[in-house]
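Peer 1: Sequence:
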Amino acid sequence: MGKTVDGIKERPKWDNKIQYLLSCIGFAVGLGNVWRFPYLCQIYGGGAFLIPYLIALVFEGLPLLYLELAIGQRFRISAIGVWNSISPFLGGVGIASMAVSFLTNLYYNTILAWVLWYFFHSFQEPLPWSQCPLVDNFTAFNKECLDSTPVNYFWYRQTLNITPDIETSGSLQWTLVICLATAWCVIYICFIRGIETMGKAVYVTATFPYLVLTIFLIQSLTLPGSTDGLIYFFTPDWNVLKNPRVWLDAATQIFFSLSLAFGGLIAFSSYNPEKNNCERDAVLVGVINSITSIYAAIPIFSILGFKATNNYNSCRMSNILSLTNHLVIGDQNMTLANYKQMIEYLNSTRPNEVAEVKLRSCDLQKFLDQSVSGTGLAFIVFTEAVINMPGSQVWAVLFFVMLFSLGLSSTFGNIEGILTPIRDLKLVPTWIPSELVTAGVCLISFVVALVFTLGSGNYWLEIFNSYVGSVPLLIIAFCELIGVIYFYGMQKFSDDILFMTGKRPNIFWRVCWRFISPLYLLVVFLAYVVIQTQEHPQYPAWNPDYDHFPETEAKDYPGWVFAIIVILSVFPVISIPLVAIYRLIRCGLNRKSSKRFGTNPYINNSYDIET
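Taking the working numbering, the leading residue of the sequence shown gets 1, the next gets one more, and so forth.
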């Protein structure tokens, strides 16, 4: 890779097609497939959610994926170089992609640090989140832990040491700092020689999660209550399709799940040979990504069913103990098997005495409806479920190794979206080794990401996750479509695809690129903005002094934090209008100069990014 011919260094190339496809699949298939897709299915009618999800895949996801892979392969340069080549006025699009990749990598690798922390603790017997710690010379259990649960306590207190609100920053958690440094060291080792080393790493990082998912699938189907979870997943609630929010969330999920507009896919495809069927690659990567989401949802819902069944049985056992302590039931023992019949009998014969006991409301459907996504699914729901699984340490280790592999392969794409423009545009002197450039990017990212290891770090991570990877990506993707179809030209783009694949794009792709996909993105963007402006954003705070603790306390973001949210939403894409305005002014000045001196403003007029 990257050989030197006649003193000129050739562009690196993939060793083979498998490396390229695994890199694209690993970039697209990430943590969102495991913990956001099942959550959306859970709150939006189970199998019914698949309808808007698949529609978004066909008319939004695949056309954009095909477009990015095609332009990267044709121009064989980074995202910044591609958009400068298409039009000097679009140079800011590539800069925006680079900015989003950098900001996303900051918090994404922090999640990997959390995963490493749990991974290191998964070898303990018993698991440290299975019981409350002792205090007061080992004579009593920690009160905060007893008031919540051991799982919540280990996550919020022993892992994050979270502050009661975002305005209280807290101190650095040095254990997380070490884990974060370890995660960045792993990234650097995998990327020390660019795609040459990363291409080898994806053989493991992109395939291992499928092996673990299959193992979890087999194990989860044997757990008590797994059937209830699967029935809950596959039973569609068609009424939810009337809710416009369902279609909005489906569109954003498929968009972010495919890792579009980050620049990483353009960088990956730029290392391909010029003659390559990028249409087939796009369909293959998009379909595998969606199948993976559904495949991952099966063991996740089986485990959720197992957890709901355990909670349901624990609730009923609590009621049985309360009844037997307060009432003389008779010779017949009250068990889980005859619980329903005994409750009906006691309610009909001794209703007043039963009312005095104040039994808990035990409903399996209620426990199945308890939805949670993101870090809550990984570090609370699953860790609670794994405690009751046979060989819990083994399953915990496998689960967190799988999450680390998923996050690692996705991080590769974001890093490539940063490093490729730096190399292609020669933003650093050529005498500096690429290994040192990679080390510099990793070191800077590590230092900035230390904010996420503060006591308030989890609150800031949620802000980055919610706002960096939302509106900016929609704007970038919209500009990509407009740039290729209306600036570069559909006819010229079709000719390029003919040159690369041997055939022109069919009517479906052309209609999507020209009309359907831009309109889809515009509608999603406007709907998102309307929803966000209708309510002041809030965040869930973990506050032991809250009246309803252990529930999280919903707090409004302070004004200064809200200003940062606006900045994070605008900053990544501000380069798009700024570069366009700068180039427009420069073009106007050149025209005036040409009229004054009688020269042609379009000759010897460089539009390279250095200008």
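Since the hints were made in silico from the structure, they are not lab data. The C-beta atom is built at its ideal place from N, Cα and C for all residues, glycine as well. There could be a bad hint or two in this list.
Here are the simulated distance ranges between beta carbons [as the list claims (entries may be wrong)]:
no., residue 1, residue 2, range
1, Asn-277, Gln-491, 12 to 22 Å
2, Phe-571, Asn-388, 19 to 29 Å
3, Ile-574, Val-283, 30 to 40 Å
4, Leu-443, Asn-388, 36 to 46 Å
5, Pro-133, Leu-436, 41 to 51 Å
6, Leu-321, Leu-211, 38 to 48 Å
7, Leu-211, Ile-564, 39 to 49 Å
8, Leu-498, Phe-571, 48 to 58 Å
Peer 1: Does each hint fit the structure? Answer for all of them.
Peer 2: Against the structure, the hints:
1. Asn-277 with Gln-491: 12 to 22 Å: holds, 21 Å
2. Phe-571 with Asn-388: 19 to 29 Å: Since Phe-571 and Asn-388 have Cβ atoms about 45 Å apart, the given range 19 to 29 Å is violated.
3. Ile-574 with Val-283: 30 to 40 Å: holds, 34 Å
4. Leu-443 with Asn-388: 36 to 46 Å: holds, 42 Å
5. Pro-133 with Leu-436: 41 to 51 Å: Since Pro-133 and Leu-436 have Cβ atoms about 44 Å apart, the given range 41 to 51 Å holds.
6. Leu-321 with Leu-211: 38 to 48 Å: At roughly 43 Å between Cβ atoms, Leu-211 and Leu-321 fall inside 38 to 48 Å, so the hint holds.
7. Leu-211 with Ile-564: 39 to 49 Å: holds, 41 Å
8. Leu-498 with Phe-571: 48 to 58 Å: 39 Å Cβ-Cβ, so the 48 to 58 Å window is violated.
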